[in-house]
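Colleague: The chain contents come next:
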Amino acid sequence: MSVSYGTAAVEQHGSFASRTMPARPARRFLHRGLLRTGSLLVFIAVFTAFSLASPLFLTFANIVTVIGQSAVVGILAFGLTSVIIGGGADVVRGGIDLSLASNLGLGSAVYASLVQAGYGDAAAIAATLAVGLSVGTVNAISIVSIGILPLLATVAVMNICGGLELVLTQNTAISVSTPLLDLLSGTDRFGIPFLAYVIVAVAAILIVTLQYTAYGLRLYAVGEHREAARAAGLPVQAYVVSSYLISGLCGGIAAILYTALLSGSTTGSGEMLLPVVATALLGNVFSGRLLPTIGGTLLSTLLIGFLANGFQLLHVSSYWVSGIQGLLILSVVAATSLVRRRRS
Amino acid sequence: MTAQVIAPATQVPPALSLQALYKDFGGTRALDGASLEVAKGSIHGLVGQNGAGKSTLIKILAGLHRPDGGAIAVDGAFQDHLTPHRAENLGIHFIHQERLLVPSFSVGEALFVGQESLAGSTRLLNRRKLQAKATSILRERFDLALPADALIGDLTVAQQQIVQVTRALLANPSILVFDEPTAALVKREVDVLLETIRRLRQQGLTIVYISHYLSEIEAICDRVTVLRNGKDVATVDPQATSASEIAALMIARDVTELFPKQAVQSAEPILQISGLGRPPAFADVSFTVRRGEIVGLTGLLGSGAKELLRSLFGLEKPSQGSIEIDGAARSIGTPRAAMENGIAFVPEDRRGQRIAAELSVRENISLASLRLFSRFNLVQRKRERAHCDRLIERLGIRTAGGEAPVKSLSGGNQQKVALAKWLSRQSRLYILDEPTIGVDIGAKADIYRLLGELAAGGAGILILSTDLIELTGICDRVLVMFRGRLIGDFSTATASGDAIFDAATGAAERGIAEPAAAELGAGELQHVG
Chain A
100 MSVSYGTAAV EQHGSFASRT MPARPARRFL HRGLLRTGSL LVFIAVFTAF SLASPLFLTF
160 ANIVTVIGQS AVVGILAFGL TSVIIGGGAD VVRGGIDLSL ASNLGLGSAV YASLVQAGYG
220 DAAAIAATLA VGLSVGTVNA ISIVSIGILP LLATVAVMNI CGGLELVLTQ NTAISVSTPL
280 LDLLSGTDRF GIPFLAYVIV AVAAILIVTL QYTAYGLRLY AVGEHREAAR AAGLPVQAYV
340 VSSYLISGLC GGIAAILYTA LLSGSTTGSG EMLLPVVATA LLGNVFSGRL LPTIGGTLLS
400 TLLIGFLANG FQLLHVSSYW VSGIQGLLIL SVVAATSLVR RRRS
Chain B
8 MTAQVIAPAT QVPPALSLQA LYKDFGGTRA LDGASLEVAK GSIHGLVGQN GAGKSTLIKI
68 LAGLHRPDGG AIAVDGAFQD HLTPHRAENL GIHFIHQERL LVPSFSVGEA LFVGQESLAG
128 STRLLNRRKL QAKATSILRE RFDLALPADA LIGDLTVAQQ QIVQVTRALL ANPSILVFDE
188 PTAALVKREV DVLLETIRRL RQQGLTIVYI SHYLSEIEAI CDRVTVLRNG KDVATVDPQA
248 TSASEIAALM IARDVTELFP KQAVQSAEPI LQISGLGRPP AFADVSFTVR RGEIVGLTGL
308 LGSGAKELLR SLFGLEKPSQ GSIEIDGAAR SIGTPRAAME NGIAFVPEDR RGQRIAAELS
368 VRENISLASL RLFSRFNLVQ RKRERAHCDR LIERLGIRTA GGEAPVKSLS GGNQQKVALA
428 KWLSRQSRLY ILDEPTIGVD IGAKADIYRL LGELAAGGAG ILILSTDLIE LTGICDRVLV
488 MFRGRLIGDF STATASGDAI FDAATGAAER GIAEPAAAEL GAGELQHVG
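In the order they appear, the protein sequences are chains A and B. Just add 99 to the spot in the first sequence (first one is 1) and you have the working numbering. Just add 7 to the spot in the second sequence (first one is 1) and you have the working numbering.
It should be emphasised that the hints constitute simulated quantities derived from the structure, not laboratory data. You may find that some hints are simply not true.
[Unchecked claim] Straight line, CA to CA, 20 Å or less: simulated SDA-like cross-link-like pairs of lysine to any residue:
1. 136/B / 388/A
2. 136/B / 314/A
3. 136/B / 307/A
4. 136/B / 306/A
5. 136/B / 308/A
6. 136/B / 387/A
7. 140/B / 311/A
8. 136/B / 122/B
Here chain A stands alone, though its shape is the one from the complex (with noise of 0.2 Å):
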């Protein structure tokens, strides 16, 4: 922007190029609503695709079991969509927390482990939320604190949690049973699992804080654009604290319901990451606005889920299965970074 020194002359063609507004196309609403509807669509069409391909796909004994399968990754999709939220959608220096899976396999040993030594439920899921909890504060305290990027300070804490998880199980599964465990891996009376219950109720405490009260509304700023929250008078470094707590939180409740869906604690649980992030990548397609939302994250999640279980009813080969689900991550990320970047 070139000076003007304000006599009559240079007002009226000093620096002639100036002041301009750009035109905004209207075509934008149209490219976000199109994505939208298209990402609906697809949901659609793989439920009737599956529906008219398998008679036992398209029942509600199938259709409760789906949602209740998808707790786990689920509601861990769930603590990585508040984290982006509160962090921002970039991948690279936005909010993520890749501590997740660890932090379920390290919940579910100390879960285990707790019951094998001779306590309760209620002390073990106290522990378990504790060890959360305390992961997600360790997160916080990496990233806002020490300043540590999101993406290498939640690596750090995997390998943590995932060497203290191999420490305490001593790289062995465990079993054990106990009368939640029992009732959570169970169906109610109308064979309905219990994993269904708790995913759908998990989601609508998170719908209900993020999407439908202030604290919801100002996370949203502080990860969108974090200088117009910080100007907006917001401590914008405690929301951002407050994301890795509901996400730590998250992994403790998927830890309790991992243990109880295989009986105890097993290994491996690192592998779940991948389509944990997939799976809340995924989830911004189906809001309006192209941004994280749990509503768009549990439709991603049932998405991943239907298409596994169809083609299972179907006799796909499972290597087949995990293919298409990245072949469809692909290019509904693609179609989403587009958009965006016809936004910018």
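Given the coordinates of chain A, assemble chain B onto it according to the supplied hints.
Modeller: Relative to the frame of chain A, chain B by itself:
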């Protein structure tokens, strides 16, 4: 938090009183005893070059920086520990140049985030209610109707600015600080904003108004304080003081000195192009740049001027015509070929992206021309340093030294470093694309002086610019492009700025100044603010 009353009860204390503020940033003194007194209910202008200390002063007022010395009083009460929160509680609010709004938020969300209770206190957030409230406030206050589902990112810059003003007003401020609010607005929008600010004054608000545009200062301010080198050099009444006097106070130098133009003897041509074209961008362009000559090139967006410039440096390949350098026909297909032919190109760089902020001034300057001070591929530090120190002095770069990181410099000085980097190469022909965009008067003067020296040393210079004052000030000739054709070749000794403007907008030929002016600089904005 001590609050001590200083003014006698009978007299209204100033709304804002900053007294002898000092602030150092790692060796650079940003504020050197600057004072500012703003009367209640007035609009007070604040002007100064980039680096004069305006932004530091404002950041101190916002509680973002702590001054090293001095005192701040708001409504007569001393504030010895100002934090952003405290400033807000005192009713001081800021409208920043960069529109600090979340682009993916709806207008309602952007307006109320952080102050959600103002939209009606309910435990849960009702987005529809936020939006309805926002819509009604904008209509009431600014007669502005926005599409209901528009996100901030969909709005024009001016609409965003109004959302930002509205946001500040919601908090019931007593002092509003505008930090270059019009930087990206068109004239009509500026008028609306200035009218809004006058209305706010009527409502009793105190306003601090920072702008590069002295005409705006003249239009609305009751008083204006001029900052220079971290000091307040004068506070004057803009109605009684001419804009050029204010500009002179800002740079401590007569404005006419800004353009040290030397007449050029007709010398041998360096660059001769004939019939050059790359349809549809431009066609049939012929002109000559001579040794020691500064030639301006201008045109609207889409005139082909930019593409022509890029063709001369091998960034685009012309499909017609010929280029002669020093009388010999050359084919310039790549930037490398251009450089081998002694052509230097300074690309447009409004925001200093081509600067490595963490590296030192010296490293930035010599980055593009290390070969000049290398022997056997090893850099000779001593020669490199001497060269950089010379450029720092020639361009008047204000820095603690060649080893200071570039990020410690003010914006204008960073720009000079970027320029120095490209000017390090000894070339026959310098091609510059908007070299002074985003640069303040003082830095401009330094850049113009350097260009004059280069020309005096026998180089030819071709400048693409949309700043007519600059073109008529420093160029010997100005070439005007319109819709892909070279339609004018004006000698600045005889032609007026108006004639050049008319040619560039097509008014001279077709009498269509209006629509042409409207398409002006549609590409400009993406670089501004």
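Colleague: Against this structure, judge whether each hint is valid.
Modeller: Cross-check of the supplied hints:
1. 136/B / 388/A: Answer holds: residue 136/B to residue 388/A is near 19 Å, not above 20 Å.
2. 136/B / 314/A: 17 Å, holds
3. 136/B / 307/A: Distance ~16 Å between residue 136/B and residue 307/A Cα, so the pair holds.
4. 136/B / 306/A: 18 Å, holds
5. 136/B / 308/A: The given pair, whose Cα atoms are some 18 Å apart, holds under the 20 Å limit.
6. 136/B / 387/A: Holds, because 19 Å separates the two Cα atoms, which is no more than 20 Å.
7. 140/B / 311/A: 17 Å, holds
8. 136/B / 122/B: 14 Å, holds
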